[in-house]
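**Q** From first to last, the protein sequence lines stand for chains A and B. Quick note, in my numbering, the first sequence goes up one by one and the last residue is 612. Quick note, in my numbering, the second sequence goes up one by one and the last residue is 965.
If you're looking for bench data, these hints aren't it; they were derived computationally from the structure. A couple of the hints might just be wrong.
As the list claims (entries may be wrong) - BS3-like cross-link-like pairs, simulated, lysine-lysine; straight-line CA separation at most 27 Å: (1) A:LYS557 with B:LYS693; (2) B:LYS546 with B:LYS282; (3) A:LYS557 with B:LYS610.
Stated by the list, open to error - Computed far set for chain B versus chain A, every beta-carbon distance over 12 Å: (4) ALA120; (5) ASP320; (6) GLU488; (7) ARG648; (8) PRO819.
Since this is a predicted model, take the numbers as computed values, not measurements. Just so it is clear, CB atoms sit at the ideal spot from N, CA and C, and this is done for glycine as well.
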Amino acid sequence: MATEVLFAGPVTAGSLDDQALAFPESKPPVSWWLAFACSASVAAMGLACMAYTLYTGIGAWGNNRPVVWAFDIINFVFWIGIGHAGTLISAILLMFRAKWRNAISRFAEAMTIFAVICAGIFPLLHLGRPWVNFWLFPYPNQRGLWPNFRSPLMWDVFAVSTYFSVSLLFWYLGLIPDIASMRDRARGWRKIVYTVLSLGWRGAASHWLHYEKAYTLLAGLATGLVLSVHSVVSFDFAVSLVPGWHMTIFPPYFVVGAIFSGFAMVVLGLIVVRATMGMSNIVTDRHLDLANKVILGTSCLMGYSYLLEGFTAWYSMNPYIHHTFRNYFSGTYGWAGWIAVICNVFLPQLYWSRRARNSVPVMIGVSLSALVGMWFERFIIIVISLHQDYLPSSWGLYKPTLVDFGILAGSFGMFFSMVLLFARVMPVVATTELKAILPGSQVPHPVHPESDHE
Amino acid sequence: MSGDRDSRLSRRRFLGLMGASAALAAGCSKPDRGAIASNAKRPRGSTPGLTDSYATTFQEGLDSHGVLVRAREGRPIHLQGNDLHPLSKGKAPMRAIADIMRLYDPDRLRQPLADGRPASWTACVESLLSMLKAAKQNNKGVLLLTGALVSPTARRLVSDLAKTVPGLKHAAWEPALSDSEASALRSCYGSQRRPRLKPELARVVVALEADLLSPDKPSEIAGFASTRAPGSGMSRLYVFEAGMSLTGAKADHRFPWRPSRSAALAFGLARELWSKGVPLPPGFDPALLAPFYLGRFPSEEQIGADILSRLVADLKGARGGALVVAGPSLPAEAHAAVFLLNAMLGAEGRTVDASLSSEPETLANGQGMRRILESAASGAFEAAVFWRANPAYAFPDPDLWQAAVSAIPSKAFIGMHADETARNCGLILAENHWLESWNDFEPQQGLLSLQQPAIGRIFNTQQGEDILLAVLTRLRPPMPSEYRGYLMARWKSSVFPGKAAVSFERFWNACLHDGVFSWPESPKPLRRLEPKAVADASRKACSATEVRDRTTDFELVLAPAASVHDGRYANNGWLQELPHPMTKLSWGNSAAMSPADAERLKLKDGSLVELSINERKAVLPVVVQPGQAPGTLSSCLGYGRRSGSVARGVGMNLYPLLQNGPDLVIGTKVRPAGGSVDLPFIQRHHKLEGREVVQQRASREFLAGTAPIHRHHSMRLIPSQRFQGRKWSMAVDLSRCVGCQSCVLACQSENNVPTVGPERVLKGREMHWIRVDRYYEGDPSRPSVLFEPMFCQQCDDAPCETVCPVAATNHSPEGLNQMAYNRCVGTRYCSNNCPYKVRRFNFFEYAADAPEPMSLAFNPEVTVRPRGVMEKCTFCVQRIDEGKALAKAAGRALKDGDIEPACAAACPAGAIVFGDLNDPKSRVAAAFRDKRGFRVLEELEINPSVTYLAGLTNQNHGN
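Using the sequences plus the hints, can you model the full thing?
**A** Dropping the structure here:
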């Protein structure tokens, strides 16, 4: 471990600050404005579609009976999945003391927050009567009415809101020393804002002591959440009796898929950050290589899950599940099944080759395909399972409308708008954490004779 | 409920609205002049919050049915059968149930119009009088064209009018009624008295192109259903038909059959019976049967020789209990052959009984209407009055109609809608709905059935009879000034038993209360079957027209649609959205084609084809219909209206393909027209895919125990819910259910179920709370058909309940899965988790789509659901509560049968039984113990509260 190379080229504490804080401190380049204009207008279009939905009703979408859930829940599960890499990198890798995480953790955490915001829109928007969404929360009221704690949707409310609050806290806590650095360098009204946001951080030893404790505690909390959120989201399906949903494999399968798509999004983001913000010495090829290895690993697990789903369908001798599984690859929507398998299982196999893991075009291709594949994976689970369930008399087809596509595109627009705004005001790398792993910044641990496992 | 939308509603506006609706309700509840005695259930009069029932009569074509109007606060909201009516026996025909919506149709004419401007009724009567005067001056005739006029009093009124106005020519015309049976009756029996079919007495029924089980005739469905219980008395139904009908679907043996061969088949059966020793009626020469040889059919029509001989043996064995029926589209000779068969089999007077039938009016169907219009075109009439007739839409020859109508100088129209015919008329007289009218009917001799208003007139309309009477009063006083008085006067003079101990008023009120008055009448059987007429028919049957080229020429069978009938109901959204019982196509008609023909012509569902006969053409979409006889097409009349905001442009008008009436059209050319359309099917998948979600067994094997019903028994870790006290349950006997969908309409009317329109049906957003699933099994050329009414199964361990995050759907202590609409946030998770897919989601604010006065049709006991909430069958919980409250108020215990959900009350077959499962003596508990019982998707362990009794078939395997 002592020989671990975490930076490409010479990096010092001072140069690190100059590098990481330069972008928020300077006027944005034209490219940023262009990117922001594009994503913000797509977001505005999405918001207009959402407003239209709120005005007319869910009927503006393609949802029907039997497919009462479609793009709404697909997008929800998709974005929750994207949010997974952040917590995994921040929390689990922190607990495992994987030092390479420090260069990418801030960006991944930010993406988590924004992805969960995008995801959170959908459960509210998809309600038939979104204006009474607060009924989903357990609050004391004169009517003495409580939500139904047996409903997986109720669990969702808790899981997602907990996940969001812990992720937000974790992200903000990690930001405090960096905001303090920004405060120290800023002038004018920006200084006031950063001063407020830095909560009086002076870098005192007692601050660091509390900070480290709180950060580790939150990491511990978040570790459980990485596994729980998507497990709970998967319960929306696994707990029901819809053929194709009622599967015990769903929790791990969903978590793996989420990490897979989350890392794909992180890699895409980092490629852009490196290219436009000159951070290739901090976010090195090795980081991307490691992230790609995670993508490869989770892709293999996805393949295994698909096989196991098929096996369960066959072994259950349940004609309804047989039928649904056959539909995944051969029915009206069979093409979606093949898109998912090719994008999620076959294409990432390129990463067995080191050259592919280090090639930017391959990374972009595989990451994009993972995003597409994982979106279709949720399409399979939701639309294909629902369109033909128990009684053949009730089978039907689903066709999305323009509003559906508008909202889907709009969610991407919102996500990228938020990422771009974040890059404008905050350092995209965690400078304080990176300073802690700068060469020579830490006294090497004494080697314990009894623990030579490292 | 609509609080979410009404946040803008200020208190002042709210009070204003309340005042307005109270005034509206009071205005509507004001009865017509004269007292209306309500039904036995509430003789004390109307109590707000309670349902009043009025007995009245629904008439359509030549038939009338006794119905009970359920009214709330003066508004009729639901219709069901009148159980005091000896023929209706508590069952209303499907379209009567739906016709309540026509009362509140926003498109109704709201006042009389003269040349497009509102006019007073006095002025209108003056115009009519001046029309009569002009006719007299010009020495020309006056045409009064009506629909079938079956009321004896109305007929007397018209004949009174004809006596006073010498040039009056009255013609009654029903575009969708075929003349063939009437003409066969005329020639073979010398009378048009239509026999009453009594399938309840039949052990063997043979239907030739006859839809015995159509929802028009609830008594026939009830009769048939009563013979479908397992056991040795179970009837056997043989059907020979082109298109798949409800009767064909229930047949034990169904043979796809070209209708042109039906007469030959019937005569062939007669010959075979004769050769097996069944004597011909006296005076018949066996030689007339000589040309008909059953043996030709096995080679020509792909039918087994053995099954035909078994059919003959069955008929022979069932003498006295056999029934042969020919359908209206068959030519007169087929009807004559069937008369002969029924005479040979001893069915006359038993299963086919005309002894109490009254002589109906001769309709101007067949050639009659053509002759009238031809004379009109030649200038014979100065004026014409069209009353409940719409020849501009339904007369098959539009050119002749145009010539006729332009040759008549002044035209008046009496009707409810400004329809195609009204557009040709200067004087448009807005007519009452029949629920606002007085009348009487004579469904059979010795039985009179009264029609009384159940609501005051909603608009400034008059009953057609009142308009004619107003004219008559001016020409020939003294006359009663109102039709009600005219009706009472007739009753007083010719119906009221003079020596009765009660006054006429008490007698009249009692008759109004019951809806019927009957007296013993001695049966008058038909005259003996005329051998010469049958011999003539047999000669015609020998030379029956055949199509020339079977690859391009089809036999086209056109029948009035089960829903919109001849088109008069086409503006009723309920009926438009009610799917065709077999194709399950809503909102429009299609050409049903056999799978073999469709494959040959490379057509699929929705492909457009052009039908043409003698230069008359129609383009409509194909539906590939399993079981359709190759070489035939079936379709429905009543679509393609050019007026009405709902009716306009839905489907295709096929009247122009007809010659005179809905008779078989032989030699229809079919040509793919290119292109296709998406069809709004209510059911989109038609095969069972090997799933045992509906079960049917052969009666013999089931009784022998070799084919038991498949049931699931699995281990439970968690005990199922148990209900103390009452446990509401339902049982559906699939052996009785004929798939007529009366339940669908009854439910729609009772529970304020919205219609959504063709675009939304196409998207899969229909709202019916109960549907009749229809599956095909086996070879598509000869499928067996399984019906299964499907509605909320009120599962004891309902999967929908656990997943609702706000507990909007939950369980009642009496076993109901209930829905709190105002708690529902609309996650739709319950619909996903419902394996029966019976939950319906309000994708839009449907109630807001309904223009006034449609909201008057709403049942005030059932919440009108706003946008964004889920809804579903409640087992008519409002009726359960009403039943319990009434029993409690009367201080008695609730009895089995006190509570009847709308579907059960409407089911003509009596297939749906509702009751308390915890009462071991209830009918539903007995059904749950039945060996035929199974529950749908029992393996999911959700314990549905509905048991289905497996359908039984009674095939003839020879013995």
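**Q** Hint compliance check: list the failing hint numbers for this structure, sorted ascending.
**A** none
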